[in-house]
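Novice: Residue numbers 685 to 1011, in the working numbering, belong to the letters of the sequence shown in order.
Hints were generated in silico from the structure; no laboratory data involved. Using N, Cα and C, we set each Cβ at its ideal position, and we do this for glycine too. There could be a bad hint or two in this list.
Unchecked claim - Calculated pairs, SDA-like style, for lysine to any residue (alpha carbon to alpha carbon, straight line, at most 20 Å):
hint	residue 1	residue 2
1	K847	Q812
2	K1000	P972
3	K920	S779
4	K733	K711
5	K834	A764
6	K963	N950
7	K719	S932
8	K920	Q812
9	K719	L763
10	K847	L925
11	K733	E774
12	K711	N993
13	K889	R830
14	K733	N993
15	K889	I903
As the list claims (entries may be wrong) - Derived Cβ-Cβ restraints for the label pairs, each shown as a range:
hint	residue 1	residue 2	range
16	S995	S909	56 to 66 Å
17	S909	G852	45 to 55 Å
18	D854	V966	32 to 42 Å
19	T806	E899	57 to 67 Å
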Amino acid sequence: MTKKAAKKATTKKKAAKKAPSKATTDKSIIDDVTKLGIANESLKAELRKTIVGMDNVIEETLIAIFSRGHALLEGVPGLAKTLLVSSIAECLSLSFKRIQFTPDLMPSDITGSELLQDDPVTGKRQFQFSKGPIFANMILADEINRTPPKTQAALLEAMQEKKVSAGGDDYKLDPPFFVLATQNPLEQEGTYSLPEAQLDRFMFKINVDYPSFDEEIDIMKSVTSGVTNAMNSVIKKAEILRMQDVVSSIHVTPHLYQYVATLVRNTRPDEENSIDAVKNYVSWGCGPRACLNLITGAKARAALHGNVNVSLDDIKAIAKPVLRHRM
């Protein structure tokens, strides 16, 4: 064997030692998914200390978080949306900010602005960027449809780009970054409806319903008892980021990709195989982003339930929150 061939063989051996085998990688994913499934159950148990009911809302919110998505919550006031989001942030060890959207809210009230300040070192006055409430891990954008489109656009740009632009500079938002926006379906006066293109930026539209009879009784007992249950942190920020990467590794079979593509295409009225109800009553159907969110959300749901493969049930479970605001 020549020196060149021997060197090449040695390099291959080193590369083989460094590269993990598929079995090792698969075992690592299985272990991570098992941990995420256990963490999911612990999260729900912690949230039940302060949140009564809302199981579907909690489930869909957690799916969006681990999918790196954002969610739009629709429900009447007084259904504990702020408490839900702040409680989830506490359990996930994430910073939380609530922004109340009003007609006079300016983009700089969200993103921050440059202020003229004295430099403590040089003593000179210069502009320094003061960060707005958008620089938190979890944002509750309360009543987003009460603020003008220009201010809405500032939030939606930050959601999409994961950064804020000010004074010619870009300021990155720390991951994980999740926006939960709310809107009231009953009040239309003095509101600014989100355009379809901006609605499409939200992974889910989650409907928040009134509590059941028994849940309403439990709420009265819990709130009027004067007892405050302390929330415990279940998972750390670094672990959330790692689990978001694990979600991307969840396996999807070819026939499920085909199922999702067919489902989304059949929401379009000009599609040959769409049903008569779609052709007669739907003006426009869902775009490709719906396909992406269905697959990503199904992966997250599978992982949160401790599964390494996506099932048809995972896709069906998130179909409504993914599709309802895109048609």
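Novice: Hint by hint, say whether it matches the structure.
Specialist: Here is how each hint holds up against the structure:
1. Proximity of K847 to Q812 is assessed by CA-CA distance (about 17 Å); at most 20 Å being required, the pair is judged to hold.
2. Simply put, K1000 and P972 have alpha-carbon atoms about 17 Å apart, close enough for the 20 Å limit, and the pair holds.
3. At most 20 Å may separate the alpha-carbon atoms for a hinted pair to count; K920 and S779 meet this at roughly 11 Å.
4. Taking the CA atoms of K733 and K711, the gap is near 34 Å; set against the 20 Å cutoff, the hint is violated.
5. The straight-line distance between the Cα atoms of K834 and A764 is roughly 28 Å, outside the 20 Å bound, and the hint therefore fails.
6. Between K963 and N950, the direct Cα distance comes to roughly 10 Å. Compliance with the 20 Å bound is thereby established for this hinted pair.
7. For the given pair, K719 sits about 16 Å from S932 by alpha-carbon distance, which is consistent with the 20 Å threshold.
8. Restraint check for K920 and Q812: not satisfied, since their Cα atoms lie roughly 31 Å apart, outside the 20 Å limit.
9. A threshold of 20 Å between alpha carbons decides the hint, and for K719 with L763 the separation of about 31 Å lies outside it, so the pair is violated.
10. With a C-alpha separation of about 17 Å, the suggested pair K847 and L925 falls inside the 20 Å cut-off, and the hint holds.
11. Taken as a hint, the K733 and E774 pair is honoured in the structure, with Cα atoms around 13 Å apart against an allowance of 20 Å.
12. For the given pair, K711 sits about 13 Å from N993 by alpha-carbon distance, which is consistent with the 20 Å threshold.
13. Annotation: proposed proximity of K889 to R830 holds, straight-line Cα distance about 17 Å (limit 20 Å).
14. Restraint check: the Cα-Cα separation between K733 and N993 comes to about 31 Å, which exceeds 20 Å; the hinted pair is violated.
15. At roughly 25 Å between alpha-carbon atoms, K889 and I903 are farther apart than 20 Å, so this suggested pair is violated.
16. For the pair S995 and S909, the supplied restraint of 56 to 66 Å is violated, since their beta-carbon distance comes to about 41 Å.
17. In this structure the supplied range 45 to 55 Å holds for S909 paired with G852, their Cβ-Cβ distance being about 54 Å.
18. For the hinted restraint 32 to 42 Å between D854 and V966, the CB-CB distance of approximately 39 Å keeps it satisfied.
19. One distance hint, 57 to 67 Å for the beta-carbon pair T806 and E899, holds here, with the actual separation near 60 Å.
Hint violations for this structure: numbers 4, 5, 8, 9, 14, 15 and 16, all remaining hints satisfied.
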